[in-house]
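A.B. asks: Okay, here's what each chain looks like letter by letter:
There are 2 protein chains.
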Amino acid sequence: MTSFPMNAGDGVYSYSKNSQLHKEMIDGAKEMVIDAIIQKLDIKTILSSSNTFHITELGCSVGPNTFSAMQYIVEALTDKYLLYQDQVINFTNNIPEFQIFFNDHVTNDFNILFRSLPFDRSYYAYGVPGSFYGRLFPSRSIHFAHSSSGINWLSKIPKELVDEKSPAWNKGLIHYVGASNVEVVNAYFAQFEKDMEIFFNVRAEEIVQGGMIVLITAFSGYIRLLKFFGSSLMDLANEGKLDESLVDSFNLPLYYPSPQDMTKVVRKNGLFSIERMELINIKSNLVDEADAKTLMMSLRSSIEGIIINHFGSKIGEEACARTILKSEEISEWMKVNYEKPSILFVALKRK
Amino acid sequence: MTSFPMNAGDGVYSYSKNSQLHKEMIDGAKEMVIDAIIQKLDIKTILSSSNTFHITELGCSVGPNTFSAMQYIVEALTDKYLLYQDQVINFTNNIPEFQIFFNDHVTNDFNILFRSLPFDRSYYAYGVPGSFYGRLFPSRSIHFAHSSSGINWLSKIPKELVDEKSPAWNKGLIHYVGASNVEVVNAYFAQFEKDMEIFFNVRAEEIVQGGMIVLITAFSGYIRLLKFFGSSLMDLANEGKLDESLVDSFNLPLYYPSPQDMTKVVRKNGLFSIERMELINIKSNLVDEADAKTLMMSLRSSIEGIIINHFGSKIGEEACARTILKSEEISEWMKVNYEKPSILFVALKRK
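Going line by line, the protein sequences match chains A and B.
Each residue of the first sequence is one higher than the one before, counting from 1 in the working numbering.
Each residue of the second sequence is one higher than the one before, counting from 1 in the working numbering.
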C-alpha cells in the first residue's frame, strides 16, 4: 500500500492554501448530502444501541475543507434527530453527542489538521492514521462515513501500465486522461474495481446496519487538466533533462468513476444499497474567471508529492512550475475544450 | 489553559530519544497495572453495552513508552476477559476489540506518534488533541483510562508564586523542590487540588460505571534534580546574562503528589473509589550507574520547552546545556542525597 499525501504544511504550494477545487466540490455537494440525511437516514435503526453519532471523514487531508463538510453534516444529523424526536412519543430528550474520526494516511500532516480544528466545534475530534483500504474501526461502530476526493486515489498503479509488453502500456503519458489506448482506461478501471471491492468490504464490517456512506468525486471539467503535467514532463524529456523511460514508468494513481462505474462496483459488492446518485454541475468561480493558474496550483498541491516521489525533487518541482507557467496556454485550451465542471455524488446505505 | 509539550521530533534532545525515566516508570508499574485489571476490574459491568474496550492514554507524548504500556494493558484486559468467559455459561464467544485513544495537547507531535505506532498492534489507534483538564469523549464511553507522568503537569502556575507581595512568592527558585517556604508548596498543592477536581469531574462524565483510571506519577528520587535547572538559571542571572526578575517570575508547573495528597483529592471529589494505591520502588538502572547525564537529559527533554518559552531560546538552551555539564557535581550530590526512586501508583474505579 502506497500513500500519496497532499502537500504538507501551510506554505505557498501547500494543500491547505490551495484547496479551492476541493472547496467547490464540498460546497457543490452540500445540499445533496443534507437531503440524503434528511430523506434517507434511518435514525431509529442506527442509534438503536448508542446515543452518540460516530462519523468518519475518509481522506480528510489537513483542512480547512474537511471542517466545513463535517459542520454541515453534524447540523443535518441534529436536524434529522430533532425531526425524529418530534414524531416519537417517549423518545429520549438527550441531544446526541458527535464523535468525528478524521482519517488519512499516516504520512498526512495531522499536526496541522489538529491545530486547525475549529474552536467552536460541536463534536469530539479524533485523528485516525491509516489507509481506508484497510480496517480502521471496530465492527459495527460507524454511523456515517464521508469521503470527498478520497476514493479517486487508487491503492496502487496496475502493473500493465508500465509493462512495455502489455497492450495497456501507457507510453509517454502519466494518466488515462489523454490516452487513446482503451486498454489503459480498462487497466485503471480494473484497479478501481478491486480497490472498491476491498473498500466496501471493510466499510461493511465497520458500519452499522442502516448506516450511510457518502462519496463525492470529481467527474468532468478539471480532470482533463492533468494531462498538462504529463506534457511538462515530456518537454523535459525532449530537452534531454529527463530519461523518457521515467515518464513511461510513471502513472498517476487517480481514477474518476462515472455513474455507470460506481453503480457497477456497488452492485458487484452487494453489501450497500444505492440511495442517491447524481451528477451535480458546480458553478465554478474558477472557471468563470478562467483562472487557470489558481486551478493548476490547486491540482499541483494534490499531485506534486507523488510526482516528486518518482522523478526526484528537482525534476518534479520543475515540471510542476512549468505547468503553472503554461497558464495562458491552459486558459486558451479551457475556453475551447472545457466541459462544465461536475461532480459525482453517491449516498449508500448498509443493508 | 497552557500546554507544555515534550521536546518534539526525534533529534538528540527529543523526548522520543530521552525518555528512559518514563520507561522505568512504565516498567515499574506494569505488574501493579496488570494486577489491578485482573483483581479489580468488573468486566461484566463495563462491557454491558459494548463488545469493544475503549481505552485512553492521557498525556501520551510521542512514544515509545506509551506503546509498551498500552500493549500490556490490552494483554491484561484480554486475559481478564478470557477468565470471565470461562466462568460464565452462554457468554459471547467474541474476543472484544480494542480502541485506544492517544491523548495529548494539540501542540504534541502527533505525526511522530502516528508514524511510530507498532505495526503488529492488536488495537485500533486514534489521536485525541486537547487538554485532559477538559472533556475529550462523549458521556459514558470510556472503559479504562491510563496516565503516566501526566497529572504532574498543572494546568497553570498559581499567581501567588510570582507575586512579590504574596507570602508564597518563590524568589530565586523555579519550583517548590528546594524551597524552604512552606507557602510555596501549599500554593502548588492548592493548584493540584483544583486541577484534580476538574480532572475527576470530566473523567466521571466520560467513564462508564465500574470503569477504571490508573495514574502513575514520580514520587521520590529524581524529582529533586529539578533544582539544578533552577541553579543554572540563577548562575546566568549572577553573571548578568539574565535579569533575576525573570527567574522570580518563572515556576515549573509540576506537582508530585504524595499518597496523602492523592487520597485527599480523590475523597474530596467523591466520584471514584480507590481500589489500589501504592508506592513502588523502582530499580533504577540509571541510578545504579549514577548516570547523571542520562538522567538530566531525560529531565531536559520534558522541561526544556517550557523553560525556552519563558526565557527565550538562547538563555533556555544555555541553562539546560549548563545543567547537563554539571553532571559530575550532580552525580556527587546524588551519591550523598539520592533517595531510592519510587513512583506512586493508584487505581480508581468509577462509582
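Hints in this document: simulated from the structure, not taken from any laboratory.
Everything numeric in this text was worked out from a predicted model, so none of it was measured.
Be aware that a few hints might be false.
Copies of one chain are not kept apart here, so a pair can be met inside one copy or by any two copies together.
Quick list of in silico lysine to aspartate or glutamate cross-link-like pairs, DMTMM-like style, CA-CA up to 25 Å [said to hold, decoys possible]:
| hint | residue 1 | residue 2 |
| --- | --- | --- |
| 1 | Lys44 | Glu275 |
| 2 | Lys44 | Glu206 |
| 3 | Lys326 | Asp120 |
A.B. asks: Does each hint hold? Answer for all of them.
C.D. replies: Do the hints match the structure? See the list:
| no. | hint | verdict |
| --- | --- | --- |
| 1 | Lys44 / Glu275 | within (17 Å within a copy, 39 Å between copies) |
| 2 | Lys44 / Glu206 | both (18 Å within a copy, 24 Å between copies) |
| 3 | Lys326 / Asp120 | neither (42 Å within a copy, 47 Å between copies) |
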